[in-house]
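Trainee: The lines below spell out each chain.
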Amino acid sequence: MTVAAAAAALSTRDLVAGFGETEVLKGITLDVAPRTITALIGPSGCGKSTLLRCFNRMNDHHPGFFHRGEVLVDERDVYDPAWSLEALRFKAGMVFQKPNPFPLSIADNVLFGPTIAGIKDKRVLEETLVHSLQRANLWGEVKDSLGRSALELSGGQQQRLCIARCLACAPDILLLDEPASALDPIATAKLEETVLELASDVTVLLVTHNLLQAGRVAARTAFLYLGTLVEVGETSRVFSAPRERLTEEYVTGRFG
Amino acid sequence: MSAVRSWLAEGTSQRWLAGAALLIALAMIAGLVAVVVDVAAGFFWPEPIVSLTLADGRRLLGQEAGREVDPGSPGRERVRINAGNRDLSSSDFVWVRDSEIRERRIDPGAWQLERREYGVFFGFPVRAEIRGVAVDATTSAFTAAVRGEVDRCSALLDTRRRLLRRLDSDHVPVGRLQTRLTSAQRRGADTAALRAALEPAQTRERELSAPALAGLDDVARELAAGTLVMRTGDGREVAIPIAKIVRVIPANALTTPQKLALYLARWWEFLSGEPRESNTEGGIFPALFGTALMVLLMTVVVVPLGVVTAVYLNEYAREGVFTQAVRLALANLAGVPSIVFGAFGLAFLVYTVGSGIDRVFFADTLPTPTFGTGGILWASLTLALLTVPVVVIATEEGLQAVPQAVRDGARALGATRAQTLRRVVLPYALPGILTGTILAVARGAGEVAPLMLTGVVKLAPDLPLDHIPPFLHLERKFMHLGFHIYDVGFQSPNVEAAKPMVYATVLVLLVLVVLLNISAIVLRNRLRRKLRSSAV
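In order, the protein sequence lines correspond to chains A and B. Each residue of the first sequence is one higher than the one before, counting from 45 in my numbering. Each residue of the second sequence is one higher than the one before, counting from 38 in my numbering.
Simulated from the structure, these hints should not be mistaken for laboratory data. These numbers come from a predicted model, not from an experiment. C-beta: ideal position from N, C-alpha, C; glycine also. Don't take each hint at face value.
Far from chain A, by Cβ distances over 10 angstroms, these chain B residues were calculated [unchecked claim]: (1) P83; (2) V211; (3) A298; (4) A329; (5) L471.
Cβ pair distances, simulated, as ranges [as the list claims (entries may be wrong)]: (6) A/S225 with B/A58: 41 to 49 angstroms; (7) A/P107 with B/A58: 49 to 57 angstroms; (8) A/P107 with B/L365: 17 to 25 angstroms.
With these hints in hand, go ahead and build the complete structure from the sequences.
Mentor: Here it is, written out as structure tokens:
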């Protein structure tokens, strides 16, 4: 059931984490297989987002955050002092619930990561721009208006721009935090298509509220409940033949 | 009873009260603007010249400038006549009772002369002598000839100004040597080298300035070549040098297009010309320029200072007693009377910092102060201090409006805190920063009290920006629109003549502030619209 430890792209070992007095994650051990899409499902407040943000240390910016146990990205402890926060985040890109383009042009948005990393070579930047937008399925829609403000794009386009912005940093891992929750069905479909295509060479961890979405895109699914990992496995198996009663009740819509 | 209760309960009373308060506020603002616009806009429109014959046989020539109920005999009115000719009679404005007037005529031949000295002149042209040729007023070419000479004199005066400027800059090396020499003598130091240098410098200045000096003589001769003889309302003949005339207006013979052209020409002169007659006539250009330059200097100082303060408070400082104290201090600073800032500017900037600079860098010219006296630099710094709270508060609002999601987005892409701030947060907060800046500018442009202590003067002979190196003279005193209003309106020797000038200057200042505010609003809305479309 668990992927062979040597191959896990993301893993946690007995991870306990929380804010101030509250423990949000109560001992989670999880392995995420490389180059697949894994969905994190569970009712609100179960700790999905907190778990996701442990991998790129975004929780560290919140006052009162604490953690025990290990968080590994590519077998390496994310708190390894030799591993800079910036390098970690280049490796593990994140897309948020709401599209959050910067008040810059489309091109400057995509190239934000490479520019702050100090890449100045015009040709490299241009290649990155085109390639990232193509992989995010946005190139065809914006290729004639790269200088336009990113804020003028539609919500779905903005979210794919945010994906392109991550891809420009050439990450091995994409952390998606309910990326479609602010989008309409058509934009959602396009986004899912994009994510599916990416899975051929990127590890995707997708937090979602939408069980149908998990069923459509995720190869594997992990179910979290009140800070504990209840069940993880092939998506079809988790949905059709859950081993735990809680999972069954959740996927059949009896609570959540 | 129940009707009253329900009236109170449903908030109708509050609605009426709030509505009435709004109405009163709007009416007061509208009234202020209406009065200013009414007086100022009419000021430059040419009025007819009336000839009055009074009961006692006196004859008056002038323009009607207001009318009121005669305080001596209720029920009757009296009219105020601007009779001009300040050099001939003791008072240019006289009250005339309606009952005293035996005859009132509009004479088509009457002229109004705007002069460089002594204000306007009303009279009838008799003859002119232009470069030895006498022209009689009855000849058809008379008006054109006089106007041609007036224009020629204006051009000559421009030439003279240019020549004097040349002489000024030619004198700079000798002037500097002399200052050093005086200082060396006072110190008892050896002056031989300076003296040796002075001699050739003076020779060189004489050589350089010879053509300009000759030109000045020519100009002076040319200027004296024209005389206009006018007959006043009471029959006296007066000779007026044409060089002293700014404009010749046959006020009663003007057609409407001519009046319009004159009106616009007068506005232009007002905005672009130098003041005359202790600021009661002419233009306000030095005041406009001084205001603009001061506001510019202030902005250059206040924006970085305010933005950096706000960034520190909002982005770096830990919320706590300290930040609360700073915010409280800023809020209080915004409420401190501006004259207090003026006093601070005088005591600290002028007397402490300025005198210190003088002692170190301008010891040669002491005891005459350079920076140790009020000047445009100190005035700008004082205003920067005054307006810093505006910029800080607006910038903080802008920073607080930056969505956390956007900050997170930048951090998640591996941006450091500083990179996030510079590349994402500040661009997002730009509307707030701009709003703060323009509000500060509007406040600074209208502030007067602190400037009176730190460098504004009634009449500054030189602009703070000119042709003499180092071109920008931060130590110079300057003129300012707000102070100009105070000075012309309340310190002028001839209040009556200055009144319209006050209104016109007020109008210019109001328009300036309104324009600044409108541009602030437009700019902010445009940027906000651009940023808001990101919200899904």
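Trainee: Run every hint past the structure and note whether it holds.
Mentor: Structure-based check of all given hints:
1. P83: 53 angstroms, holds
2. V211: About 54 angstroms separates B/V211 from the closest Cβ of chain A, which puts it past 10 angstroms; holds.
3. A298: 48 angstroms, holds
4. A329: With a cut-off of 10 angstroms, B/A329 remains clear of chain A, as the shortest Cβ separation is near 31 angstroms.
5. L471: 14 angstroms, holds
6. A/S225 with B/A58: 41 to 49 angstroms: 46 angstroms, holds
7. A/P107 with B/A58: 49 to 57 angstroms: 44 angstroms, violated
8. A/P107 with B/L365: 17 to 25 angstroms: The hinted range 17 to 25 angstroms holds for A/P107 and B/L365, with Cβ atoms some 24 angstroms apart.
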